Amino acid sequence: MKDTKVIELEEVAIRFSGDSGDGMQLTGTLFSDATALFGNDISTFPDYPSEIRAPQGTVGGVSGFQVQFGHKEVNTPGDEAHVLIAMNPAAVKANARFMKPGGTIIYDVDSFTQKNLDKANFATDDPFGELKLDDYIKIAVPITSLTRESLKDFGMDNKSVLRSKNMFALGLICWMFGRPMDYIESFIKTKFAKKPTVVESNLKVLHDGFNYGMNMQHMTPQYLVHAAEIERGTYRNINGNIATAWGMLAAAEKSGLDLFLGSYPITPATDVLVALAARRDLGVKTFQAEDEIAGMCTTLGAAFAGKLAVTSTSGPGLALKSEAIGLAVMAELPVVIVNVQRGGPSTGLPTKTEQSDLLQALYGRNGESPVVVLAASTPSDCFYYAYLSCKIALERMVPVILLTDGFLGNGSEPWRVPSMSELPEITPRIAKNSSEFKPYKRDEDILAREWAFPGMEGFQHRIGGLEKNVEGAVSHDPENHHKNTEIREAKVQKVADMIPELEVCGDEEGELLVVAWGGTYGHMISAVREMRQDGKKVSLAHFNFIKPLPANTEEVFSKFKKIIVCELNLGQFASYLRDKLPEYEYHQVNKLKGLPFTVTELKENFEKLLEE
Amino acid sequence: MSNIDLQYTLKDFKSENEVRWCPGCGDYAIMNAVQRTMADMNVPHEKFAVISGIGCSSRFPYYMSTYGFHSIHGRAAAIASGVKSANPDLSVWVITGDGDSLAIGGNHFIHTIRRNIDLNVILFNNKIYGLTKGQYSPTTDRGFVTKTSPNGTIEDSFVPGQLVLGARGTFFARAVDSNVKHNQLVFAEAAKHQGTSIVEVLQNCVIFNDGIHAQIADPKHRAERQLFLEHGKPMRFGHDNEKGLIVEKGRLKVAVIGENGVTEDDILVHDAKEVDPYLHMQLINMSMPDFPIAMGVIRAVDAPVYDQELEKQVAEVSATRRVNNVDELLKSGNTWEVDEPGSSDPVPFFKKKCPILE
Numbered sequence: 130m131k132d133t134k135v136i137e138l139e140e141v142a143i144r145f146s147g148d149s150g151d152g153m154q155l156t157g158t159l160f161s162d163a164t165a166l167f168g169n170d171i172s173t174f175p176d177y178p179s180e181i182r183a184p185q186g187t188v189g190g191v192s193g194f195q196v197q198f199g200h201k202e203v204n205t206p207g208d209e210a211h212v213l214i215a216m217n218p219a220a221v222k223a224n225a226r227f228m229k230p231g232g233t234i235i236y237d238v239d240s241f242t243q244k245n246l247d248k249a250n251f252a253t254d255d256p257f258g259e260l261k262l263d264d265y266i267k268i269a270v271p272i273t274s275l276t277r278e279s280l281k282d283f284g285m286d287n288k289s290v291l292r293s294k295n296m297f298a299l300g301l302i303c304w305m306f307g308r309p310m311d312y313i314e315s316f317i318k319t320k321f322a323k324k325p326t327v328v329e330s331n332l333k334v335l336h337d338g339f340n341y342g343m344n345m346q347h348m349t350p351q352y353l354v355h356a357a358e359i360e361r362g363t364y365r366n367i368n369g370n371i372a373t374a375w376g377m378l379a380a381a382e383k384s385g386l387d388l389f390l391g392s393y394p395i396t397p398a399t400d401v402l403v404a405l406a407a408r409r410d411l412g413v414k415t416f417q418a419e420d421e422i423a424g425m426c427t428t429l430g431a432a433f434a435g436k437l438a439v440t441s442t443s444g445p446g447l448a449l450k451s452e453a454i455g456l457a458v459m460a461e462l463p464v465v466i467v468n469v470q471r472g473g474p475s476t477g478l479p480t481k482t483e484q485s486d487l488l489q490a491l492y493g494r495n496g497e498s499p500v501v502v503l504a505a506s507t508p509s510d511c512f513y514y515a516y517l518s519c520k521i522a523l524e525r526m527v528p529v530i531l532l533t534d535g536f537l538g539n540g541s542e543p544w545r546v547p548s549m550s551e552l553p554e555i556t557p558r559i560a561k562n563s564s565e566f567k568p569y570k571r572d573e574d575i576l577a578r579e580w581a582f583p584g585m586e587g588f589q590h591r592i593g594g595l596e597k598n599v600e601g602a603v604s605h606d607p608e609n610h611h612k613n614t615e616i617r618e619a620k621v622q623k624v625a626d627m628i629p630e631l632e633v634c635g636d637e638e639g640e641l642l643v644v645a646w647g648g649t650y651g652h653m654i655s656a657v658r659e660m661r662q663d664g665k666k667v668s669l670a671h672f673n674f675i676k677p678l679p680a681n682t683e684e685v686f687s688k689f690k691k692i693i694v695c696e697l698n699l700g701q702f703a704s705y706l707r708d709k710l711p712e713y714e715y716h717q718v719n720k721l722k723g724l725p726f727t728v729t730e731l732k733e734n735f736e737k738l739l740e741e
Numbered sequence: 206m207s208n209i210d211l212q213y214t215l216k217d218f219k220s221e222n223e224v225r226w227c228p229g230c231g232d233y234a235i236m237n238a239v240q241r242t243m244a245d246m247n248v249p250h251e252k253f254a255v256i257s258g259i260g261c262s263s264r265f266p267y268y269m270s271t272y273g274f275h276s277i278h279g280r281a282a283a284i285a286s287g288v289k290s291a292n293p294d295l296s297v298w299v300i301t302g303d304g305d306s307l308a309i310g311g312n313h314f315i316h317t318i319r320r321n322i323d324l325n326v327i328l329f330n331n332k333i334y335g336l337t338k339g340q341y342s343p344t345t346d347r348g349f350v351t352k353t354s355p356n357g358t359i360e361d362s363f364v365p366g367q368l369v370l371g372a373r374g375t376f377f378a379r380a381v382d383s384n385v386k387h388n389q390l391v392f393a394e395a396a397k398h399q400g401t402s403i404v405e406v407l408q409n410c411v412i413f414n415d416g417i418h419a420q421i422a423d424p425k426h427r428a429e430r431q432l433f434l435e436h437g438k439p440m441r442f443g444h445d446n447e448k449g450l451i452v453e454k455g456r457l458k459v460a461v462i463g464e465n466g467v468t469e470d471d472i473l474v475h476d477a478k479e480v481d482p483y484l485h486m487q488l489i490n491m492s493m494p495d496f497p498i499a500m501g502v503i504r505a506v507d508a509p510v511y512d513q514e515l516e517k518q519v520a521e522v523s524a525t526r527r528v529n530n531v532d533e534l535l536k537s538g539n540t541w542e543v544d545e546p547g548s549s550d551p552v553p554f555f556k557k558k559c560p561i562l563e
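The listed protein sequences derive, respectively, from chains A and B. For the working numbering, count along the first sequence from 1 and bump the result up by 129. For the working numbering, count along the second sequence from 1 and bump the result up by 205.
Zero decoy hints are in this set.
What the simulated footprint calls covered on chain B by chain A, stretch by stretch (three residues with Cβ under 8 Å from a Cβ of chain A suffice, anywhere in the stretch; the number is not a length):
hint : region
1    : 241-254
2    : 532-546
3    : 551-558
Anything over 12 Å on all C-beta distances counts as not near chain A; from chain B, calculated:
hint : residue
4    : S383
5    : H387
6    : A396
7    : I421
8    : E435
9    : H436
10   : I451
11   : V459
12   : M491
None of these hints come from the bench; they were simulated from the model. All values derive from a computational prediction rather than experimental measurement. Note that the Cβ used here is the ideal one computed from N, Cα and C, for glycine as well.
Just chain B, same shape as in the assembly (with noise of 0.2 Å):
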């Protein structure tokens, strides 16, 4: 990356095209924040690419002024792992929904992640089909009714970051639409981490789903219902920040700081970094009432990275090629010379005539 500051603003990142989406959506911030974000990255603009596939959450790409490539239903992440193999120079962004990369797009979700592709996934989790109006999705709770289940789900849902874990994921992060200033510091780590960056947004359809997350997103509510982790920090919330997490048998469990004897000390310090996915996978889970929900990054961790392995193999395997272009490589291995006197000069292709023209 330049030293040069290109001194970006969020207004270098919004496209001319008029923005689209219901008023009161949780799009607008969600844009907002990675406008602001890119702006920070110091990457020169035409190195941005945004890539989307079907849902409301999917036009993004048409509000930013980068390149952009609005796909097919499910398969925004595929196509950005074609872009970002092709040329990881760029910063390749997915904007998806729940639709999108849970359901339809659940295989390339998966092996996008397993991969590890330099990828900033930004995952738009309203828990519901909104721009078909309504239908219920991967991430809707058991029972709930919709459009399509008007006498309530008979399945169970997905939690994202279970998936994220499951598929070997090394960076899982979570977010409210709405906390603008949060979410600009969730992407930004999101873009330094090397590899497969997944963000799930907590995002408000204010038509088809208003206030499926109000109960943890109210910002009246924040203090005890959200924990915001930091990597090296303990893992503490509550109006006072009195409260905490420690393990129990094995498991998380909430505190209070000078109840029962627990001090600062005994509350568990985040640690982000930790391959071992267990206590993240302990995070990912905590719900309400028992738990705050965890936000901020709960993993990132070092791995390999596909699209800087390719290169890396790529110039391993050219730096001792024994043919050094096509032409090398048609007369390699097992090849025979024709020069009898009845031979002829050889004709090229596309100007050989048909063999039995008399």
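Excised from the complex, chain A in its bound form (with noise of 0.2 Å):
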């Protein structure tokens, strides 16, 4: 468990920055002003050049308006933006200093060109190497040929379209903040109004920049941020898509064994299968599947070839893998499937947040199909959940599904990087001994079997589908079905000896006791330590290890009067428990609505369960 606060999701620092003339002031304005009357206190800073005239193109040229907002009472503009628009290369320039670490820029790509590169005094063709702004996200969205595509018929001159740019730089922002757009259509419809052809054509533009950002799913950046990075160290900036790809690089590595990634791209998963990719150079292969299945199906192959293999997906992507996510069940290999949880069912909300793919992970398959589930709480944590998911799969010879979710897929946040030597050793259970070696004979504590895989001499032998006997032959023996299947649940449940405790965050017994799993973490710390320092005798248990339960569970859980279960979905993780622990009374906190948890409303509703 680590110190960490969020930040709410509109308490965010928007730059928007371009030339003098790209009407920088005016949309930064527009943006605020709907912002504010959509319900956010704001705070905004102009920051006009300091030439008046100034060439076009250049860092002196470069204008910018700031604006931050959120639901709290905010007072600054914030030190350093989360989001940097730049319509040139002199804009992100000039902004590169008041970005914060792994901030995002969104930029005009049409406007990167050599002659623009050269006004803005840059000395390579690589102006974000150049700057070090290499860990930033950066959305490159052709603005200029964009904006005039989408006025080519309203024949207008050049400039004119050019001065509309603004418009589309706009109407992104808006899409990827949930900003509505009335307050600026009826505004642009008031100020051009003896204009018809501005008002249309302006609009069009605006709508256009909100229809790009919803087909290119752009989202919303999240950050957390902590109360104080007290540990000495090297730091870095890490979004939990990328600490989830080097969380298993660092398992492949420690257990001496080459990492495969089977995959298919699916927002918000597919930065794993991004940054796994670009990691040929520490020998990782990935592999770009036709589909989901695929994606699962080679995963199983590399495992059954005896690699340690990963697939990631989301919500849909899991359920299209569920039956060979059984196979993997019945074969018993390792196999570590993450699961970037997103609003469901169906399409749902790609670039929302959501935790509802719980029971999905836990039953969503044929048969007794059990594996192991676990969730990370915050985006660089994303890396250990990741590392000790491969390490339970190669150890116990089972399948993982480790749930993580769009807020800590995209959210980002300082790390102290750890060491290599810091991280528990990795034994994958391959065979030795050939002549003792059957696929199914297991170890008589942990019940899993060895793994043995081709190439290697003596071993050779046949998995499958089918229920087999020890020896590896397909077996329709009631009693040997009944005895597997239990012991392909048992199997799993005696993960929970290499697992931690369950750690009580407060005092260990209470009036309270707030119970979440996986990404709400930091909003669930940050409303109980509030409650706290009022006095209130509320403590927080917080799950990463959802099948098996940690063994303290129900030991936790008797010290308190009441628990409540605070989730996003209708209420998935309280069913369970109150499954597996039924003597205790589970009140529940939910929210759908593809955003995460406010600290406020969640101690509003602690407060109430508190005076009942």
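Join these two chains into a complex; the hints should help.
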């Protein structure tokens, strides 16, 4: 567990920046006004060029406008911007130092010509590298050409067309932050009442920008900040998807195995695939499959061939993978499935966060099909839970599903990077003695079978989806099937002996135990901390291990008068707990808005329950 | 491959499991040919992996003594793609049927071929679902009566070879189950080919579709109805080898040597290595009664092989890498140091305690 505090979703600083002629002040003002009318507190900071007539395209000619907005009182426009909208290379150069580490840069890629790079005095053709912005999220949008395309039927001159670029950027940002555009529309209509073409063209570009954001599924960046970076060490900014990818890479190195990822692109999980595709240098093989099913099947094939085999997906993809995960359960092969959850059902809210795949992860397969289920709780701890998922899979010969979510996957936070020596050892169960090897012979204690793969002499055997006996022969024996079904479940439960106990944040007994799991951690601990500062007897039990539950779960629950389970679904973890530990009453806080909890709403719910 | 002769025989590839196909099933002969082929390949036994999907033929791995994986319906090609990409050193064989690979597994089938992963795929085509007892499959002919088409099917069938060419396949061959010698020859060619080798075996389901290929497969008609292709040899057939293929107006035609001025030299020579699929497609499409059925290796062209390219890319990128391990990766890019007078020693993640324990 670590100390962290979330920035509420709307507490974000955005900086619009471009050439003086790009209309950035108007864009920033319109966005700010729309945001204020939406009900957020705002603080703005216009930043005009120092030279009134600085040459176009130069750093001196850059005009900026920063706005910070949030649910609560916002007193400053933000020291550093989370998001920069840059209309040209000079704007990137002028604002790089005002950016939060790991922030998001949306830029007009059309303007990144050699001429403009020269004007902004870049020495190389890699402006982002030159400004040390490698780890920033960069979204290239062809704003100029899309604006031109948008207005091609208006018969406008080039200069007028270019003047509308800012509306495209504004529409895009409105989509990313869920701002309604009616205020902006009425402003345009009023201001240009006597020029109907200008009204029409501006509205067209505004909407095209908004729709572009929707089509590209550009996601709202989310951030966590730490109370303090008190530990000495090397820090970096990291988001959950990269942390997940690197955690698996670390597990491969530690276990001495090659890493194989079979996957299919899906929002918001794609960046796990992207991050590992970039690591051929460390021997990673990524396989972009033809569909989600093949993503799982190639992963299973790689596990059969003796590799650390992992796959990444999101809810709908997990549904498609379920049959092959069942095969992994039956074949007892080590695979890790990362599900970066999003709003469902069906296509649902692809770019929004939710925790509604919990029961799918636990039960969404035919037959009795137990797997280990873990959940990461902050962007950076995705690294450790991905690592641990691999360790469990390899040491216990069992499929592991790691649940993260859109909030973690795309959210970023500063992270003290560990050294490999801090990480626990991983010992894959590779078979050693061919004369004693049987495909389904198990360790008596942990119930895991041994792993032998093609290329190992003397271990040749067959596995598959049909029920087998110890020798690996197909068996329809009723007793054998009953016994094996129980063993597969017991094997998963045995994993409890290698996971840490459930930790209570706060006193180990009291009035109210707040229970939560996965990506809500930042909000939960903030809410519980604030209530404790107010003298309330509230503690937090935050779960990272769903199946099996930590061995001391019941003991923790037994020390509190009331238990409240908070999750971004209709109560899936609460139902699971009712099934596993039925002797307790579970109150619930649930939210399905595609947004994380807010600290305020959590505290309100807890206080209400304490007063009852 | 080693220079030592491993001297395997067919027996080395049989498993202890009782073979449970129906008596008279075409699968027996195909397995026999596969086992003989493997024995002759001089590849260490432990390097073979046989992957199957679901269907009668997919029981195959259990009857082999090699590594085997009997998977789920339609997915054998995808699983085998993972096996071979993960370890290109293996000899990976896919056993599948017309339902398994062309219906439920159609997507994996075409994409495996498109990637040209070095797999040997044996497609048992009996034009019926046998394991589920006689429903029509994607290769069942239009109008054919089955349990699920009591009034005849109203859909056209796939021609497997057309799919292979459509997916930019580099190897396609055809054979008849009972002709073990020829199967062996074709399987050996498939194994030798680098890339996805598809061998369509016309297989007889003795229970649910008995005799479906009899018109072609019956040995007494073999000379007239099957044309055995060999790369670099003229495409001739007939009882007295008197017939052959010529091109007329851009299309294949059967000609008799000595008639209409056709001489031996006019008969087309088979070029399996021609990249242009035009003629291969015509060979695949040949059907009775105007043509014999093309047998043997119709197409075997060289192209980049996915699993080899993947290895090559890993090797090339690794050779010029800037980070050598995970420790270096974690510290690459934008990082900063924290070492204030008040800083504490770092605590490994799994030993961290809750920050609000007072």
